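*Asks:* Each chain is listed here by its residues.
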Amino acid sequence: MSTTWIIVALLLGFIVVFQIAKASEYVSILKGEDKTRKDNNRINAFLLLVFLIVGMFGVWYCNERLKGKILPPAASDHGEKIDTMIWITLIITFVVFVITQILLFWFAFKYQEREGQKAYYFPHNNKLEVIWTVIPAITLTVLVGFGLFYWYQITGEAPKDAQVIEVTGSQFKWEFRYPGKDGKLGKKYYKNINEDKSNPLGQIWEDPDNRDDKVVTGEVHVVVGKPVKFVIGAKDVIHDFGLAHFRMKMDAVPGIPTTMWFTPKYTTREMKAKYGDDFNYEISCDQMCGPGHYGMRGVIVVESEGEFKVWLAQKQSQYAIAHSEQPPANRSSSPADSTSNSKPTAFLNK
Amino acid sequence: MSNDQTIHVHEGAAGTHEVIHTNGHGNGHHHHKQSFITKYIFSQDHKTIGKQFLITGIIWAIIGAFFSVVFRLQLGFPDTTFPFLEKIFGHWARGGKLDPEFYYALITMHGTILVFFVLTAGLSGTFANLLIPLQVGARDMASPFMNMLSYWFFFLASVIMMSSLFLQTGPASGGWTMYPPLSALHDAQPGSKAGADMWLISMAMFIVSSLLGGLNYIATILNMRTKGMTMTRLPLTIWGLFFTAILGVLSFPVLLSGAILLLFDRNLGTSFYLSDIYVKGHILPNEGGSPILYQHLFWFLGHPEVYIIILPAMGMVSEIMSVNSRKPIFGYMAMVGSLFAICILAFLVWAHHMFVTGMNPFLGSVFVLLTLLIAIPSAIKVFNWLTTIWRGNIRFTPAMLFAIGFVSLFISGGLTGIWLGNSTIDIHVHDTYFVIAHFHIVMGVSAFFGMFAGVYHWFPKMFGRYMNNTLGYIHFWITMCGAYLIFWPMHYMGMAGVPRRYLDFTPWTSFNKFGDLNKMISIVTIVVFAVSLLFVFNFFYSIFKGRKVRTMNPWEANTLEWTTPINPGHGNWPSDIPEVHRWPYDYGKDGRDHIMQTEPVNPGETTH
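Residue numbers (the working numbering), protein chains in the order written: chain A, 598 to 947; chain B, 33 to 640.
Honestly, the hints are just simulated from the structure, not real lab data.
A couple of the hints might just be wrong.
Stated by the list, open to error - The calculated lysine to aspartate or glutamate pairs, modelled on EDC-like cross-linking and capped at a C-alpha distance of 20 Å, are: (1) B/K312 x A/E902; (2) A/K715 x B/E588; (3) A/K666 x A/D793; (4) A/K788 x B/D219; (5) B/K545 x A/E879; (6) A/K635 x B/D536; (7) A/K912 x A/E902; (8) A/K784 x B/D219; (9) A/K619 x A/E630; (10) B/K580 x A/E710; (11) B/K545 x A/D874; (12) A/K788 x B/E319; (13) B/K621 x A/E900; (14) A/K715 x B/E611; (15) A/K715 x B/E319; (16) A/K912 x A/E900; (17) A/K794 x A/E754; (18) B/K577 x A/E630; (19) B/K129 x B/E118; (20) A/K781 x A/D804; (21) A/K715 x B/D625; (22) B/K545 x A/E712; (23) A/K823 x A/D874; (24) A/K666 x B/D219; (25) B/K621 x A/E902; (26) A/K666 x B/D548; (27) B/K551 x B/D536; (28) B/K580 x A/E622; (29) A/K826 x A/D874; (30) A/K632 x B/E588; (31) A/K826 x A/D793.
Here the structure is a predicted model, which means the values were calculated and not measured.
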């Protein structure tokens with residue numbers, strides 16, 4: 598019912614606006630088209646100036662309203678570099694933004710058509726053009742320089758002592774594999790994937806390195822202050838392992854493993870104390886992967902080395918799970934498969 | 033080819049077509065009989081074809097924009113149900129809530145429709161057809177028949193894409209980029225069944241259309257300029273359209289190959305893009321393919337595509353700004369040079385869409401450098417536009433306002449390109465709302481502003497009538513405010529890491545803080561959509577009932593299209609094609625308001 602009324606109201610609005618517009622055309626003929634044009638010109642020039650002033654105020658107001666809602670400071674060393682880069686770029690681009698927008702709207706207002714005013718014939722000026730080619734070129738060189746300096750640090754080799762964790766994305770969940778005591782991830786082959794036989798990642802059981810690898814779903818634990826290197830893959834379509842709080846992101850591509858590394862700086866507990874109990878380092882899928890894309894959530898828990906060791910020790914290796922006679926349901930009900938993950942993916946079972 | 037030859041060739045062509053009478057009687061309108069079908073439907077007149085592109089584009093724009101209104105309703109009011117959606121969309125919106133699969137279909141179609149069908153075909157299709165022969169001084173395109181085919185292939189592409197909306201399994205829903213494996217695996221989602229095949233076939237038809245058109249535009253600009261129309265006397269509109277056509281001709285075939293390989297992967301069991309896949313409990317045999325290959329092929333078109341969209345707008349804005357400032361465009365050669373630089377660089381930056389695909393970081397750094405280089409020609413253009421209006425005598429027609437709005441939006445959106453093109457920052461904001469804000473402002477809304485400016489400015493040439501000015505002003509001001517209100521705050525959502533293409537943020541603790549903002553954006557979207565419908569109404573109403581144009585040159589412009597009769601027939605000039613003696617930007621020179629291109633240079637005239 599209310600929709601009908603909205604449509605009726607819209608139609609009425611249309612008719613009213615249209616009648617006014619038509620009437621104004623007749624009025625302009627009565628007043629003389631030249632005079633109407635001059636009136637319109639004055640009004641629009643004034644509105645452009647108003648738009649500039651209100652717009653600049655709006656930019657400030659928007660910032661006031663929303664600055665508290667963007668993320669807390671980066672929680673990783675790489676993230677801090679990215680934040681620095683954002684600040685450098687923000688300052689430069691904002692200055693350019695303000696200057697050029699003011700010039701645009703101010704010129705438009707100031708040089709509106711006036712009686713007796715003559716436009717200045719000014720077809721070119723090489724000096725000016727060289728100036729505004731060279732200045733942007735220098736500025737951009739600076740930005741490229743900083744950008745690549747950080748880019749190579751972020752994408753460079755991970756330190757040798759980094760904790761290696763394998764990430765696998767699939768519609769619509771995240772699975773993680775820890776190498777056991779040997780520190781090596783066993784080989785896998787996608788044709789071995791068999792969820793009924795507790796082999797969700799396709800590990801090759803004949804490879805001894807696989808004996809102690811542990812697989813968890815939805816929630817991954819890492820150690821604060823220790824570099825962690827993720828080896829990222831996918832089973833079905835492209836996903837993206839997105840870690841907004843750490844400012845990191847990397848695609849998960851079927852058939853082509855990718856990597857990402859960083860050092861987390863604050864434990865989850867520290868962050869919860871600062872930003873409230875519902876704080877979580879969330880893992881989002883940032884590459885569209887199907888109808889459940891928006892629910893493909895995971896969690897990273899950053900904790901001390903001691904806590905981490907206790908947590909990992911509780912887990913059984915996937916080899917043991919697959920080779921005990923227990924039904925596979927056991928795995929998915931293990932505490933690692935935290936309830937936080939079950940909600941968003943639940944609708945996929947329909 | 034000399035001008036005499038050009039005209040001669042035309043006389044020959046006129047003989048065969050029985051269309052043009054260059055007999056100097058000054059009444060060269062259609063003497064011959066034309067049926068309704070040859071005049072309005074299978075027309076070979078470039079002006080009619082331009083109008084066909086424009087009207088088809090308008091219809092698509094309404095559909096594409098309506099889709100965005102529908103998904104904005106869901107994003108702005110996640111807890112509300114909209115029963116009328118069920119009436120329209122049936123099982124896709126059961127109970128008045130969008131089905132997730134349908135949401136992804138909507139965003140995919142919104143992107144595809146607006147990028148390809150509206151801002152490529154609707155924008156450069158319209159204005160290249162309308163303006164190239166008129167502004168270079170030709171009777172028609174190099175091949176009017178190919179030109180007609182170009183429209184009808186576009187029409188065919190439209191029919192296929194439109195039919196895919198009515199499939200039981202829905203239209204393609206893998207995003208407008210259609211990345212495999214998502215778009216390649218029938219099992220991955222319902223939209224990857226028949227919908228994806230139809231999307232790919234429709235795109236193939238679209239590419240054929242765009243190539244037929246593009247080759248024609250290039251041939252016409254290079255070979256059919258009237259006597260005296262040297263390349264450096266071309267209006268900037270033509271330069272913009274020229275580089276657009278070159279970009280299209282060189283990059284669309286690459287997308288065609290990408291699309292065809294994807295069709296093979298989907299239906300013939302090849303493994304170009306597929307490897308190591310386990311989907312919905314099935315292990316696929318494909319090994320050794322690379323999904324990243326598709327991204328390279330796609331973005332090799334996809335990036336030039338954004339310049340295909342923006343260059344015609346830049347050209348038209350340059351022309352309109354100069355005319356309405358009563359002042360020459362500042363730095364004509366620099367404007368042409370920067371268009372050229374953008375055209376070249378457009379081919380060298382595609383992988384900046386792929387910084388986080390695991391691409392070699394060194395390769396990434398090369399693309400950072402090349403991408404940020406584009407900011408230099410863009411900056412030159414902006415400063416030149418600013419200098420063009422400086423000390424002008426500006427007339428604020430709706431077209432001029434949209435041109436100023438274009439520059440404002442191009443600045444705002446262009447500057448965030450400096451963020452995204454820098455791979456270090458891209459890691460954080462890639463695939464977030466920041467990207468949405470960036471490309472909607474710099475390429476979506478600005479290109480639309482260029483298109484609106486063009487429609488208001490050349491409407492008198494198209495239909496011999498004016499559009500209603502008051503509605504034009506209302507349209508401009510609401511759209512301008514709306515564009516900033518919708519997209520400016522999205523930068524903040526991007527900084528908060530909010531990912532694109534999410535239907536619902538309630539499961540998330542990091543991204544669920546923007547409820548009010550989403551509501552505001554959705555309301556503004558609806559208002560802007562309503563005002564756009566007002567524009568459409570103004571457009572169609574004015575075709576039949578608008579104020580009549582009474583002078584040949586209503587804007588007092590210098591270019592050749594204003595030397596044709598108010599309602600030019602096929603062949604454009606009733607008598608000989610005028611000869612050109614000067615560049616198109618002699619406004620305010622030697623104390624004269626404007627000097628048309630056809631006026632010979634006076635002995636005492638200053639040179640610039």
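*Asks:* Could you tell me which of the numbered hints above are not met by this structure, giving the numbers in increasing order?
*Replies:* 1, 3, 6, 8, 10, 13, 14, 15, 17, 22, 23, 24, 25, 29 and 31
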